[in-house]
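Asker: These are the residues of each chain, in order.
Number of protein chains: 4
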Amino acid sequence: MTDFISRRKFTIEWGQCDPAGIVFNSRFFEFFDWGTWTLFEAVLGVKPSDLAATFGIVGLPLVDAGAHFIAPARFGDVVEMTSQVTEFRRSSFDVAHRLFVHGTVAVEGRETRVWAGRDPADPSRMKSQPLPPEVTARFRTA
Amino acid sequence: MTDFISRRKFTIEWGQCDPAGIVFNSRFFEFFDWGTWTLFEAVLGVKPSDLAATFGIVGLPLVDAGAHFIAPARFGDVVEMTSQVTEFRRSSFDVAHRLFVHGTVAVEGRETRVWAGRDPADPSRMKSQPLPPEVTARFRTA
Amino acid sequence: MTDFISRRKFTIEWGQCDPAGIVFNSRFFEFFDWGTWTLFEAVLGVKPSDLAATFGIVGLPLVDAGAHFIAPARFGDVVEMTSQVTEFRRSSFDVAHRLFVHGTVAVEGRETRVWAGRDPADPSRMKSQPLPPEVTARFRTA
Amino acid sequence: MTDFISRRKFTIEWGQCDPAGIVFNSRFFEFFDWGTWTLFEAVLGVKPSDLAATFGIVGLPLVDAGAHFIAPARFGDVVEMTSQVTEFRRSSFDVAHRLFVHGTVAVEGRETRVWAGRDPADPSRMKSQPLPPEVTARFRTA
Numbered sequence: 002m003t004d005f006i007s008r009r010k011f012t013i014e015w016g017q018c019d020p021a022g023i024v025f026n027s028r029f030f031e032f033f034d035w036g037t038w039t040l041f042e043a044v045l046g047v048k049p050s051d052l053a054a055t056f057g058i059v060g061l062p063l064v065d066a067g068a069h070f071i072a073p074a075r076f077g078d079v080v081e082m083t084s085q086v087t088e089f090r091r092s093s094f095d096v097a098h099r100l101f102v103h104g105t106v107a108v109e110g111r112e113t114r115v116w117a118g119r120d121p122a123d124p125s126r127m128k129s130q131p132l133p134p135e136v137t138a139r140f141r142t143a
Numbered sequence: 002m003t004d005f006i007s008r009r010k011f012t013i014e015w016g017q018c019d020p021a022g023i024v025f026n027s028r029f030f031e032f033f034d035w036g037t038w039t040l041f042e043a044v045l046g047v048k049p050s051d052l053a054a055t056f057g058i059v060g061l062p063l064v065d066a067g068a069h070f071i072a073p074a075r076f077g078d079v080v081e082m083t084s085q086v087t088e089f090r091r092s093s094f095d096v097a098h099r100l101f102v103h104g105t106v107a108v109e110g111r112e113t114r115v116w117a118g119r120d121p122a123d124p125s126r127m128k129s130q131p132l133p134p135e136v137t138a139r140f141r142t143a
Numbered sequence: 002m003t004d005f006i007s008r009r010k011f012t013i014e015w016g017q018c019d020p021a022g023i024v025f026n027s028r029f030f031e032f033f034d035w036g037t038w039t040l041f042e043a044v045l046g047v048k049p050s051d052l053a054a055t056f057g058i059v060g061l062p063l064v065d066a067g068a069h070f071i072a073p074a075r076f077g078d079v080v081e082m083t084s085q086v087t088e089f090r091r092s093s094f095d096v097a098h099r100l101f102v103h104g105t106v107a108v109e110g111r112e113t114r115v116w117a118g119r120d121p122a123d124p125s126r127m128k129s130q131p132l133p134p135e136v137t138a139r140f141r142t143a
Numbered sequence: 002m003t004d005f006i007s008r009r010k011f012t013i014e015w016g017q018c019d020p021a022g023i024v025f026n027s028r029f030f031e032f033f034d035w036g037t038w039t040l041f042e043a044v045l046g047v048k049p050s051d052l053a054a055t056f057g058i059v060g061l062p063l064v065d066a067g068a069h070f071i072a073p074a075r076f077g078d079v080v081e082m083t084s085q086v087t088e089f090r091r092s093s094f095d096v097a098h099r100l101f102v103h104g105t106v107a108v109e110g111r112e113t114r115v116w117a118g119r120d121p122a123d124p125s126r127m128k129s130q131p132l133p134p135e136v137t138a139r140f141r142t143a
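Chains as they are written, first to last, in the numbering used here: chain B, 2 to 143; chain Y, 2 to 143; chain X, 2 to 143; chain W, 2 to 143.
Since the hints were derived computationally from the structure, they do not count as laboratory data.
Note that beta-carbon positions come from the ideal geometry of N, C-alpha and C, so glycine has one too.
Do not rely on the hints blindly, as some may be mistaken.
[To be verified] Only part of the chain W face toward chain B is listed, based on derived beta-carbon distances under 7 Å:
1. Gly16
2. Cys18
3. Pro20
4. Gly22
5. Phe25
[What the hints assert, rightly or not] Label-pair restraints from in silico Cβ distances:
6. B:Thr83 with W:Thr142: 54 to 64 Å
7. Y:Arg119 with B:Asp95: 31 to 41 Å
8. X:Asp120 with W:Arg141: 41 to 51 Å
9. X:Gly57 with W:Arg8: 40 to 50 Å
10. X:Pro131 with W:Gly22: 21 to 31 Å
11. W:Val106 with Y:Pro134: 37 to 47 Å
12. Y:Gly46 with X:Thr105: 53 to 63 Å
13. Y:Pro134 with B:Ile71: 27 to 37 Å
14. B:Pro134 with X:Gly104: 31 to 41 Å
15. B:Thr83 with Y:Asp95: 25 to 35 Å
With the hints as extra help, turn the sequences into a complete structure.
Answerer: Okay, here's the thing in C-alpha cells:
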C-alpha cells in the first residue's frame, strides 16, 4: 500500500447521465481512468501524454476493473475522487478510487493495470515489463 | 444459476477504440449493459423500454460491476457476447457476460443489479423490490 | 449578439481520443454541451441542474449543431473553450463555441437550442416556449 | 452526388440517452461515423479496419460535421440510418446521413472528410491526399 492519494474534483455533466437521471455506469470507469493518469502525473511529475515516451512503454493497459455503486451521482453533483496505488507487483499494480458526493462515498472503484511495452516478438502486441524501481520508489516516498 | 444464455454479435467501431488501438475499457461496461437488456428481452418477451412500465419498476440499477480483460478487442473485430443470470436473490441478481473475439474469450464481465421501484418515502429515490416470482420462473424455464 | 463569453479550461483525456491519437469527433459535441451549461450558469447564476426547475422548463434541446475542425486536439492537450450566445430569437437561440489548443483555434462549434417546456397536449413531449425577457436581459447586461 | 446508399439498422440503447430520455446529441455523431465506415465497406468491399492499409492512408479525418435534429429518438427506438456520399472533391468528400425513427426522418447529418495520409514533412501529422480514381469510380458505379 502506498500512502500518496491524488484528488480530483469535477462536476457531473448532463451528457454523463442516463434516463434515470444518474451517471451511467460506464462513465465511472472513464473517471477511474482519469484518476489513474492524475495520480501518476502527481507522483512522477510526468505529463500523462509523456509517460509512454519517458519510460519506454506503450501504456498502462487494464487487466481488471470493478466498481461498487453505493449511492447515485446526479447532474450537477460535485464529485471528489481520490486515487491511490494499493499494491505494486513485479509488472502490475492496483489502483483504488473513491468518489465522494456531498461528503459521503458514492462509488468505490478498483483497477489492476500492467506496465506494458511492445512485445519484441510481435510489435503490434503489448507485453508486460518489470516496473522500474525509480517509479515504485517515487510512489513510496511521495 | 439459470441456464438461458442470450447472444449478441457486433463489430467494434472506430470511436470505441483508444490511442492504443483497442477498445477503451469503459465501453465494455456499456456492452454489458446492452447484454443485460438483451437477455431480459429474450427471456421475458418484453421490450427493454417497456420493462419498467410492465413490471412497475424504475429500472435495474447496478450495485456492482467488474471486468477481467484477457485479450484486447480492436477496430473491426467481430464480437460475440453471451449474457446469463448466474444468481437471483430476493431483490437483486448477478449477470455474467463473456465477449468472444476470434472464438476465444477476450473479456469476462459481471454485474449485480437491483430490481428497483420508487421509494415510497421519497419518490425521487429508488428502492429495491422483491423480484416477482413470474420473472425468476421465466428465467428458470427459458 | 450578446457580449458575454464564458470560458472553460480542461485537459484532453486518453479515453476521449481515437486510434489516430486525436479527440474523437463526437466528444467535441459533448464539450459544446458543457460550454452551454457553463455559459448559462455564469450569466444566470443558476446551477445547470436547477435551471429547469427555476424557469419551469424541461431543458434546452438541440435543433441544430455543427463543428468545423481546424486542427486536432491530442491526449494531454490543454483546451480553452469559449462559449457565447450569438443570437436570441423568440424561443430559440444560437451558441458559438471555440476551442483553443496551444493558443490557436482548433475547433469552432455552433448549437441552436430551444427553450422547451412540456407540451400541454402531450406531457411526454417537449414544446418550445418564449424565452423569458429576464433571461435574455441578463445576457445583454452580463 | 453518388447514387449508392448504405443502410444500417440499430436499436437505441439505455446508455445512449440522457436525463430527458432521448439520445444525447453527441451520440448521433458517433452514429454518423458508423455510417461512413459502413458505406465505404459496402462500396469498396474493404473492411473499415483494413481501409488505411489497403489505400496507404491514415484515416478519413473530419473537417466539418453537422446535424439537424427534427424529432427525438428514445430508448428502444429502432433506427434506420442511410448514408450517401453527396460530393467528391480532389481530396475531400461530403457524406449525408439520415436517421429514420418510426418511418420518418428524425435526424439529418452531414460530414466533410479528408482522404489523409501521413505528412511527409512531419509523419506525426496528417495531410490530405488526392482521392484515388478507383475509389471514386467505385462509388459512381456501385
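Asker: Now look at each hint and say whether the structure bears it out.
Answerer: Results of checking the hints against the structure:
| no. | hint | result |
| --- | --- | --- |
| 1 | Gly16 | holds (5 Å) |
| 2 | Cys18 | holds (5 Å) |
| 3 | Pro20 | holds (5 Å) |
| 4 | Gly22 | holds (5 Å) |
| 5 | Phe25 | holds (5 Å) |
| 6 | B:Thr83 with W:Thr142: 54 to 64 Å | holds (60 Å) |
| 7 | Y:Arg119 with B:Asp95: 31 to 41 Å | holds (37 Å) |
| 8 | X:Asp120 with W:Arg141: 41 to 51 Å | holds (45 Å) |
| 9 | X:Gly57 with W:Arg8: 40 to 50 Å | holds (41 Å) |
| 10 | X:Pro131 with W:Gly22: 21 to 31 Å | holds (24 Å) |
| 11 | W:Val106 with Y:Pro134: 37 to 47 Å | holds (44 Å) |
| 12 | Y:Gly46 with X:Thr105: 53 to 63 Å | holds (56 Å) |
| 13 | Y:Pro134 with B:Ile71: 27 to 37 Å | holds (29 Å) |
| 14 | B:Pro134 with X:Gly104: 31 to 41 Å | holds (39 Å) |
| 15 | B:Thr83 with Y:Asp95: 25 to 35 Å | holds (28 Å) |
Taken one by one, the earlier hints all hold for this structure without exception.
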